[in-house]
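Participant: Just so you know, the sequences run in chain order A and B.
Under the working numbering, the first residue of the first sequence carries the number 39, and numbering increases by one thereafter.
Under the working numbering, the first residue of the second sequence carries the number 4, and numbering increases by one thereafter.
It is possible that part of the hints are untrue.
As the list claims (entries may be wrong) - Below, a list of computed lysine-lysine pairs in the DSS-like style, where the Cα atoms sit at most 25 Å apart:
(1) A/62 to A/175
(2) B/91 to A/62
(3) A/211 to B/67
(4) B/43 to A/281
(5) A/235 to A/175
(6) B/91 to A/175
(7) A/281 to A/235
(8) A/281 to B/36
(9) A/175 to B/36
(10) A/281 to A/237
(11) B/43 to A/237
(12) A/281 to A/211
(13) B/43 to A/235
(14) A/237 to B/91
(15) B/91 to A/235
(16) B/43 to A/175
What the hints assert, rightly or not - Some chain B residues near chain A, calculated using beta-carbon distances under 7 Å:
(17) 29
(18) 58
(19) 78
Unchecked claim - Facing chain A, from chain B, some residues (calculated, C-beta under 7 Å):
(20) 5
(21) 8
(22) 14
(23) 20
(24) 43
(25) 55
(26) 96
(27) 104
Hints are computed from structural coordinates only; laboratory data are not their basis.
Glycine residues also receive a C-beta, built at the ideal position from the N, C-alpha and C atoms.
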Amino acid sequence: MTSTTDLHNEPTTASEDSFIQGVKDCVPTLLGYISIGLAFGVVGSASGLSLVEIALLTILVYAGSAQFIFCALLLTSSPTSAIIVTIFVVNLRHLLMSLTLAPHFTRYSMLRNVGFGTLLTDETFGVAVTKQMQNGKLYGRWMDGLNITAYAFWILSCIAGAFLGQWVANPEKWGLDFALIAMFIALLVLQLGSVGKHKIMHYLMLIGYMVVMMYGLSYVVPSHLAVLLATVIVATIGVVTDK
Amino acid sequence: MTTTASMVWLIIGCALVTWLPRIIPFMFVRSVKLPDVVLKWLSFIPVCILSALVIENLLDTESKNFVTLDWPVFITFVPTLIIALVTKSLSITVVAGVIIMASVRFFM
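Modelling step: build the complete structure from the supplied sequences, incorporating the hints.
Facilitator: Shown next, in the form of structure tokens:
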């Protein structure tokens with residue numbers, strides 16, 4: 039009796055908790071990492087950052103939008119405190135993402151959890167929540183495979199961009215900046231595809247609220263803050279209007 | 004030119020304020036059982052944040068004194084959304100989106 043359930047469960051667990059599967063699931067996001075990373079390398083060297091500084095930023099901060107804003111603030115010679123506060127606010131959305139994923143990893147050790155959090159990005163978050171919606175569960179080795187692949191490609195692309203500077207001076211011309219947006223669109227569609235039929239109208243209504251909030255907030259706060267505030271407000275509307 | 008001590012400290016400062024929001028929930032959720040209402044709230048975060056990241060790019064907040072659509076991005080967004088809905092594929096959507104964006108920029 040029990041052996042039947044074991045036989046049924048084991049292959050699923052083995053293939054789901056696989057580092058290699060995590061690497062494979064990261065592949066669709068790589069075009070985004072590579073193009074934005076190259077662009078960052080180019081912008082970084084154009085802003086007067088040395089190769090060592092570009093590498094340090096990429097390895098230690100590991101957040102695309104924050105790295106671009108860092109360059110912009112350096113160019114306007116903003117004070118150190120202003121740069122650090124801005125980077126903090128820009129990356130505060132990770133708190134929401136980390137809070138969303140963390141309950142699925144409580145069975146792993148503290149050290150592994152710190153590892154999952156350290157390499158969390160918009161993209162790995164998107165892939166992981168979509169996986170969670172489809173499979174109902176998330177696994178540590180899979181998450182490591184996803185995270186480490188993304189991290190490695192980001193570092194390589196940023197450094198390559200710093201070297202190749204002059205040849206890809208205008209990645210926008212090739213539409214490469216759209217890679218990330220396209221990825222978020224696809225992840226959103228996949229998310230909506232996995233919510234039940236009876237919930238879809240509720241979710242579409244929330245997206246409508248997101249449009250209104252984002253538009254309104256864009257007048258009063260910078261867009262990274264609009265992302266954070268609109269998400270907090272509309273998720274709350276989601277709880278209140280949920281039946 | 005390589006780097007200066009003050010630049011290294013600045014980068015370390017930025018790294019710390021980026022790292023803490025990423026790891027604190029992972030450290031603290033292990034020992035606390037989140038109430039159902041918080042879990043429910045968190046269940047809406049993925050869709051909200053993914054829409055926010057898309058909408059952020061569709062809006063042009065800089066070139067005029069009122070917020071408008073970023074037309075080239077919006078024109079690319081519509082077919083890309085359709086491709087995502089039809090194929091349900093991350094890779095196809097990304098490659099198609101980049102090609103459409105490049106063509107839109109070429110013709111506009």
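Participant: Hints first: check each against the structure and report whether it holds.
Facilitator: Hints versus structure:
1. The hinted pair formed by residue 62 of chain A and residue 175 of chain A meets the criterion: a straight-line CA distance of about 18 Å does not exceed 25 Å.
2. Note on residue 91 of chain B and residue 62 of chain A: the hinted pairing holds, with a Cα-Cα distance of about 17 Å set against a maximum of 25 Å.
3. Between residue 211 of chain A and residue 67 of chain B the alpha-carbon distance is near 22 Å, which keeps this suggested pair within the 25 Å criterion.
4. Distance check on the hinted pair: residue 43 of chain B and residue 281 of chain A sit about 11 Å apart at the alpha-carbon level, within 25 Å; holds.
5. In summary, the hint linking residue 235 of chain A to residue 175 of chain A is supported, as the alpha carbons are separated by about 21 Å, within the 25 Å threshold.
6. This hinted pair checks out: residue 91 of chain B and residue 175 of chain A have alpha carbons roughly 21 Å apart, not beyond 25 Å.
7. Using a Cα cut-off of 25 Å, the hinted pair residue 281 of chain A and residue 235 of chain A holds, with the two alpha carbons roughly 14 Å apart.
8. Restraint check for residue 281 of chain A and residue 36 of chain B: satisfied, since their Cα atoms lie roughly 23 Å apart, inside the 25 Å limit.
9. Taken as a hint, the residue 175 of chain A and residue 36 of chain B pair is honoured in the structure, with Cα atoms around 18 Å apart against an allowance of 25 Å.
10. Straight-line distance between C-alpha atoms of residue 281 of chain A and residue 237 of chain A comes to about 10 Å, which keeps the hinted pair within the 25 Å bound.
11. The straight-line distance between the Cα atoms of residue 43 of chain B and residue 237 of chain A is roughly 13 Å, inside the 25 Å bound, and the hint therefore holds.
12. Between residue 281 of chain A and residue 211 of chain A the CA atoms are separated by roughly 46 Å; this puts the pair beyond 25 Å, and the hint is violated.
13. The hinted pair formed by residue 43 of chain B and residue 235 of chain A meets the criterion: a straight-line CA distance of about 18 Å does not exceed 25 Å.
14. Between residue 237 of chain A and residue 91 of chain B, the direct Cα distance comes to roughly 19 Å. Compliance with the 25 Å bound is thereby established for this hinted pair.
15. Restraint check: the Cα-Cα separation between residue 91 of chain B and residue 235 of chain A comes to about 17 Å, which is no more than 25 Å; the hinted pair holds.
16. For the suggested pair residue 43 of chain B and residue 175 of chain A, the alpha carbons sit about 17 Å apart, so the restraint of at most 25 Å is met.
17. Interface restraint check for residue 29 of chain B: the shortest CB-CB distance to chain A comes to about 4 Å, inside 7 Å, so the restraint holds.
18. The restraint placing residue 58 of chain B at the interface with chain A holds, with a minimum CB-CB distance near 4 Å, inside the 7 Å limit.
19. Restraint check, residue 78 of chain B versus chain A: the minimum CB separation of about 11 Å is more than 7 Å; hint violated.
20. At about 5 Å, the closest approach between the beta carbon of residue 5 of chain B and any beta carbon in chain A falls short of 7 Å, and the interface hint on this residue holds.
21. Of the supplied interface hints, the one on residue 8 of chain B is violated, with its beta-carbon coming no nearer than about 12 Å to a beta-carbon of chain A, more than 7 Å.
22. Nearest Cβ of chain A to the Cβ of residue 14 of chain B: about 5 Å, under the 7 Å cut. The hint holds.
23. For residue 20 of chain B, the interface hint holds, since its Cβ comes within 7 Å of a Cβ in chain A; the closest pair sits about 4 Å apart.
24. About 5 Å separates the beta-carbon of residue 43 of chain B from the nearest beta-carbon of chain A, less than 7 Å, and the hint is met.
25. This hint holds: residue 55 of chain B has a C-beta 4 Å from the nearest C-beta of chain A, less than the 7 Å allowed.
26. With a cut of 7 Å, the hint placing residue 96 of chain B at the interface with chain A holds, because the nearest CB-to-CB distance is about 4 Å.
27. Checking residue 104 of chain B against chain A: minimum C-beta separation of about 3 Å stays under 7 Å; hint holds.
In the structure shown, a violation is registered for the earlier hints numbered 12, 19 and 21, in ascending order.
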